[in-house]
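A.B. asks: What follows is each chain in one-letter form.
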Amino acid sequence: AQRVTQPEKLLSVFKGAPVELKCNYSYSGSPELFWYVQYSRQRLQLLLRHISRESIKGFTADLNKGETSFHLKKPFAQEEDSAMYYCALPQRGGYNKLIFGAGTRLAVHP
Amino acid sequence: GAGVSQTPSNKVTEKGKYVELRCDPISGHTALYWYRQSLGQGPEFLIYFQGTGAADDSGLPNDRFFAVRPEGSVSTLKIQRTERGDSAVYLCASSSTTGELFFGEGSRLTVL
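Top to bottom, those sequences are chains A and B.
Residue numbering for the first sequence is 1 to 110, as defined by our numbering.
Residue numbering for the second sequence is 1001 to 1112, as defined by our numbering.
Honestly, the hints are just simulated from the structure, not real lab data.
Heads up, the beta-carbon is just placed ideally off N, CA and C, and yes, glycines get one too.
Hints may be right or wrong, so weigh each one.
As the list claims (entries may be wrong) - Simulated crosslink set (DMTMM-like; lysine to aspartate or glutamate; CA at most 20 Å straight-line): (1) A/K9 / B/E1044; (2) A/K97 / B/E1100; (3) B/K1078 / B/E1105; (4) A/K97 / B/E1105; (5) A/K97 / B/E1044.
Said to hold, decoys possible - Okay, the calculated beta carbon distance ranges per label pair: (6) B/E1014 / A/K57: 38 to 46 Å; (7) B/L1112 / A/E67: 43 to 51 Å; (8) B/Q1050 / A/Q2: 17 to 25 Å; (9) A/K73 / B/S1096: 28 to 36 Å; (10) B/S1096 / A/R53: 20 to 28 Å; (11) A/T60 / B/F1066: 40 to 48 Å; (12) A/P110 / B/K1015: 41 to 49 Å; (13) B/Q1080 / A/A17: 48 to 56 Å; (14) A/Q42 / B/G1085: 23 to 31 Å.
Make the full structure from the sequences, and use the hints.
C.D. replies: Put into C-alpha cells, the structure is as follows:
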C-alpha cells in the first residue's frame, strides 16, 4: 500500500543551524513527491515538488529511490521557516489525489 | 483574483444534525478536491471533481458524506447525521488539470 511516513512530530533548531525534515514513502513505480508547508494562520501551500528539482526559500529535497526517502533540507534555518511541513505522494488515479504524512513541526529559535 | 474560499470557517453542531460546507474555487480551475484533516494528522483525500462530475469519491468514509458541484464551480460537501468522529478541518483545494494545488483556509467542524 502507498504510505508516507514523517517520523518526527517536532524538530527544534536554532537560527543558522542546518535542517533536515525526514520523509519516507512506500510506492511501487516512479513516484512524484511533494512538500507542502503551512505557516501560522496561513493556508496549506506547495513548497516544492521533486520533478522540478528546484530550490524554494533555500529548501531542497532529493528523491532517493534506494532508501525510498524524500528528505527536505536547508543549510541555514531562519526563524521565518517555523511552520508545519507535510510530505505528500500522489495516489493512483490522480496527480493531486495525495497521501500526506502526519507532518513535522519545525521550530526555529533565535 | 482571490484564492479558494471556504465557508463557514467554523461550524459547531450537535450529533445527528445535517451540515453543509461550501467551497468556492479559484476562477477557471476545473479540478476541485475535498480533504479532511483530523487533529495531529495530515490531510486525507475525500473526493475529487473534474468539472461537474465526481471523478473519484473513493475517499468518502461512508454514505453519510456527499458532495456536489452542479455548475462546475462552487462545491458543497454535505454530511448527514453527524457523529463526533466527523469533527475535523475540512479543506477544499482547486487546480488546473495537472497544475499546482491551491488550498482554502478550511472549515473547522466540531460535533458535540
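A.B. asks: Next, verify each hint and record whether it holds.
C.D. replies: Going down the list of hints, with the structure as the test:
1. Taken as a hint, the A/K9 and B/E1044 pair is honoured in the structure, with Cα atoms around 17 Å apart against an allowance of 20 Å.
2. Proximity of A/K97 to B/E1100 is assessed by CA-CA distance (about 12 Å); at most 20 Å being required, the pair is judged to hold.
3. For the proposed pair B/K1078 and B/E1105, the alpha carbon gap of about 18 Å is at most 20 Å, so the pair holds.
4. As the CA atoms of A/K97 and B/E1105 are separated by approximately 18 Å, the hinted pair is consistent with the 20 Å bound.
5. For the hint pairing A/K97 with B/E1044, the CA-to-CA distance comes to about 9 Å; that is within 20 Å, so the pair holds.
6. Range check, B/E1014 to A/K57: about 43 Å between beta-carbon atoms, so the 38 to 46 Å window is met.
7. Restraint check, B/L1112 to A/E67: a C-beta distance of roughly 45 Å satisfies the suggested window 43 to 51 Å.
8. The hinted window of 17 to 25 Å between B/Q1050 and A/Q2 holds, with their beta carbons roughly 21 Å apart.
9. At roughly 29 Å, the beta-carbon separation of A/K73 and B/S1096 lies within the given 28 to 36 Å, and the hint holds.
10. Between B/S1096 and A/R53, the C-beta spacing of about 21 Å keeps the proposed range 20 to 28 Å intact.
11. Taken as a hint, the range 40 to 48 Å holds for the pair A/T60 and B/F1066, whose Cβ atoms sit roughly 42 Å apart.
12. Remark: the range hint 41 to 49 Å for A/P110 to B/K1015 is upheld by a beta-carbon distance near 45 Å.
13. Range check, B/Q1080 to A/A17: Cβ separation about 50 Å, and the 48 to 56 Å hint holds.
14. In this structure the supplied range 23 to 31 Å holds for A/Q42 paired with B/G1085, their Cβ-Cβ distance being about 27 Å.
Hint compliance for this structure: every hint is met.
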